[in-house]
Amino acid sequence: MKTAKTATQNACKLCNPLGACLAFRGIEECVPFLHGSQGCATYIRRYLISHFKEPVDIASSNFNEDTAVFGGSHNLKLGLKNVTQQYRPKVIGLATTCLSETIGDDVDMILKEYVRLFDEGEPLPNGEPLPLMIHASTPSYQGSHIDGFQAAMRATVAKLAEAGPKKNLLNLFPNMVSPADLRYMKEVLKDFAIPYVLLPDYSETLDGGPWAEYHRIPKGGTPVNAIRETGMSAASVEFTSTLATEKSPAGFLEQEFDVPRYTMPLPIGIKQSDAFFGLLEKLSETPLPEKYEDERRRLVDAYADGHKYLFGKKAIVYGEEDLVVAMTAFLSETGIDPVLCASGGKSGRLKKRLLELVPGFEEKGGKIRDGVDFVDIEDEAKVLKPDLLIGNSKGYTMSRKNGILFIRIGFPIHDRFGGQRLHHLGYRGTQELFDRIVNTVIEQRQSSSPIGYTYM
Amino acid sequence: MEKIGILEGRQRQIYEKKGEETAFDITCETTSLSGSVSQRACVFCGSRVVLYPVADALHVVHGPIGCAAYTWDIRGAVSSGPELHRLSFSTDLKEMDVIYGGEKKLYLSLLELIERYQPKAAFIYSTCIIGLIGDDIDAVCKKVSQEKGIPVLPVHSEGFKGTKKDGYKAACDSLMKLVGTGSTEGIGKYSINILGEFNLAGEAWIIRSYYEQMGIEVVSTMTGDGRVDDIRRSHGASLNIVQCSGSMVRLAKQMEEKYSIPCLRVSYFGIEDMSKALYDVARHFSDNPAIMEAAKKLVSREVGKLYPQLQQFRRELAGKKVAIYVGGAFKAFSLIKALASVDMKVVLAGSQTGNKDDYNSLKEMCDEGTVIVDDSNPVELSKFVLEKEADLLIGGVKERPIAYKLGIGFCDHNHERKIPLAGFEGMYNFIREVYNSVMSPVWQFAPRKGGLSS
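Residue numbers (my numbering), protein chains in the order written: chain L, 1 to 456; chain W, 1001 to 1454.
FYI, nobody ran anything at the bench for these hints, they're computed from the structure. Don't take each hint at face value.
To be verified - Straight-line distance between alpha carbons at most 25 Å, and here's what the computed BS3-like set of lysine-lysine pairs gives: (1) L:Lys219 to W:Lys1003; (2) L:Lys53 to W:Lys1418; (3) W:Lys1094 to L:Lys247; (4) L:Lys219 to W:Lys1383; (5) L:Lys53 to W:Lys1449; (6) W:Lys1003 to L:Lys5; (7) L:Lys5 to W:Lys1418.
Using the sequences provided together with the hints, build the complete structure.
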């Protein structure tokens, strides 16, 4: 086998600012704004649109050659003014790109100068108070999209969270999941009668209904006032396996406001969903609602009905590290053998966390690799010969070339319809994933059978 | 409904045709207004999309991962052979590379990739950050070229150095370094290069076949199912045929200067422009009347087939209103003519990169009340689409959700389309797609038709 390669070939990750823009879309009345070249905003918009099939307006400070040399202060202020006038946002979620980071624009200082202009009597862009401006530092040569996503949410609570008397309130930081997952989480918390702040919440802003007129900012998202209260909450639950405390929004709230932080993997599969619902039972002192017991019962039943299709099947799982960890745990409890867990991310924690959750994984021959691209994954696949490839749309070409069954999860899904409505979380999400995996295997059996069985 | 205004800095980029007395002085060819949520991309994007279809070359993006990730297999440009262009290569710069420079990483990446993929040539795109940290990509390219014995061509496409149009120029400059490096032996007198045709969904094959049916030799399709060796010998052709709003005009001009190859600008969309493209070429080779004969025969055969089909659509589409917002203005001209053939009415015509001449021509072509706009954004587009009661929006990926959200038909006319829209066959596909979208029963549920809104 060749030694580590230099060039990235078919990346298994996206850039830092994309994650920030996505997360900012989950705040009510917020417009994402990229400080850098026009192209970054356009590419990211195009990419998000292809998955969510919704308008995604992202402003840009639109650097030109002069800006790159003399600094982005003028462009940023003009851009903020224009976007305020045109979009009338309550919040502007500002993320930096590699360009503005490298020339060393002091965004916080520019923002202060901008606010001072209006304090000193400059007329307000739309006659109303200035929008709140949240700034996340997201140079694209650091980390990947998931880092930008978390950085934006950490910056948000750091900017908005307030101290105060403790409230009967739960913060839920759900990670980069689908709008359908977010809606499910809201339903769960409501059924437990737990008052909550879900951050971010793009369940409506990126999966909403039709419009009679253009909504400059789609309705939905976590309200600013709710985010202020996150500092007074009784606890935070954060779905992550690999996020470092110093980068975590829940970690920030714990450090600054003594809000206890419960960190757990994304609740995919029975065991991890049990852990999540168990935690909710504990925190709310309410027993699991009957509805979820039913969901769980159906899932256990489905596991039994479907087990023979899956036992011993080899799978490659890839995507964000947190998703890979949780999916691996789920697949392992269905009898599927994940033979490679791969991520383009590189938190340095993937292996440790995965082994904690799936003890004996490596002894069974499972491989764990972070910082990889699709050429690495394909090279591994040639040796490992998996039956299933499980991850985002970007694996399609390799699945087709190598004849590996393909199950699409996560982000982006842009070669199928309804990526934004895919469920992953909880008993119900697991149920849908499980059905899809079993059906993918059945479909192949059926189509490769000379008879074409009508009962499988 | 709240009235949507136009940003102060944008008013001079919008014009509504109202009688002859209005002075027409649209502002264009400037950088986008900061904070205006322009639909435009950047210099890098311009270069990348033009060079993308060179299928047997390696395309390496030097910079952090985003630029390469977002352009991975982004075009529908198909190849009849190698598919190297559909892969995404990046030096994936990290913080330390930005501090200490990325030349070494680029060098090692190139050696490794050339070894693995054995390309005929390599294009190295510099991104924003490279322009800042000042990596000497020319030197790296030269070194690798010498060591590996293939052309390794820098593409100076730093995102912030202008607009998408400047990216076209950078791409042309790179291609020009390839042109003239191959043997022209065996190329006949009646020969052309096809420029600015990207072979989306196989469109270049349709166009090529037309020319070949006329007895014309196609030396290179350059940017559609492109091959390095063809480009190297393309200076042996007698004529360059350039389509698209200027993406390849610069190369054609350079080839004219250096190799005295004249060029013709054409469009392959719609009956009128497609026929004209064939006749113009035939007229150029007027010393061979057989070519014109063949062109006439071809056009009459194809139009004969197409015309009755279009009449079917025309009955229902006549009078429907269309908004057009596309990358290049040249495409808008063709679309207006094509839509006129089924009696559809254009209420908005705009582009990301038009120049004064383009907008003047648009003004001449359009009816009273038509809005003409340069470098627009979602808020303006939706405003005009609703105010003008458009039944259809024609645009690209970023315009599509605007139409669908508002309950308006949409036709994709950008580089991601999967159905050929060029040529006579393409015209049928185009009008059929327009018909399928405009006439769909789903719009009855749209809020603007009395359905429930969110």
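So, going through the hints one by one against the coordinates:
With a C-alpha separation of about 18 Å, the suggested pairing of L:Lys219 with W:Lys1003 holds against the 25 Å cut-off. Restraint check for L:Lys53 and W:Lys1418: the C-alpha separation of about 18 Å stays at or below 25 Å, so the hint holds. This hinted pair checks out: W:Lys1094 and L:Lys247 have alpha carbons roughly 19 Å apart, not beyond 25 Å. A threshold of 25 Å between alpha carbons decides the hint, and for L:Lys219 with W:Lys1383 the separation of about 18 Å falls inside it, so the pair holds.
Among the hinted pairs, L:Lys53 with W:Lys1449 is consistent with the structure: their alpha-carbon atoms are about 21 Å apart, no more than 25 Å. With a C-alpha separation of about 56 Å, the suggested pairing of W:Lys1003 with L:Lys5 is violated against the 25 Å cut-off. Restraint check: the Cα-Cα separation between L:Lys5 and W:Lys1418 comes to about 34 Å, which exceeds 25 Å; the hinted pair is violated.
Checked against the numbered hints listed earlier, the structure breaks hints 6 and 7; every other hint is satisfied.
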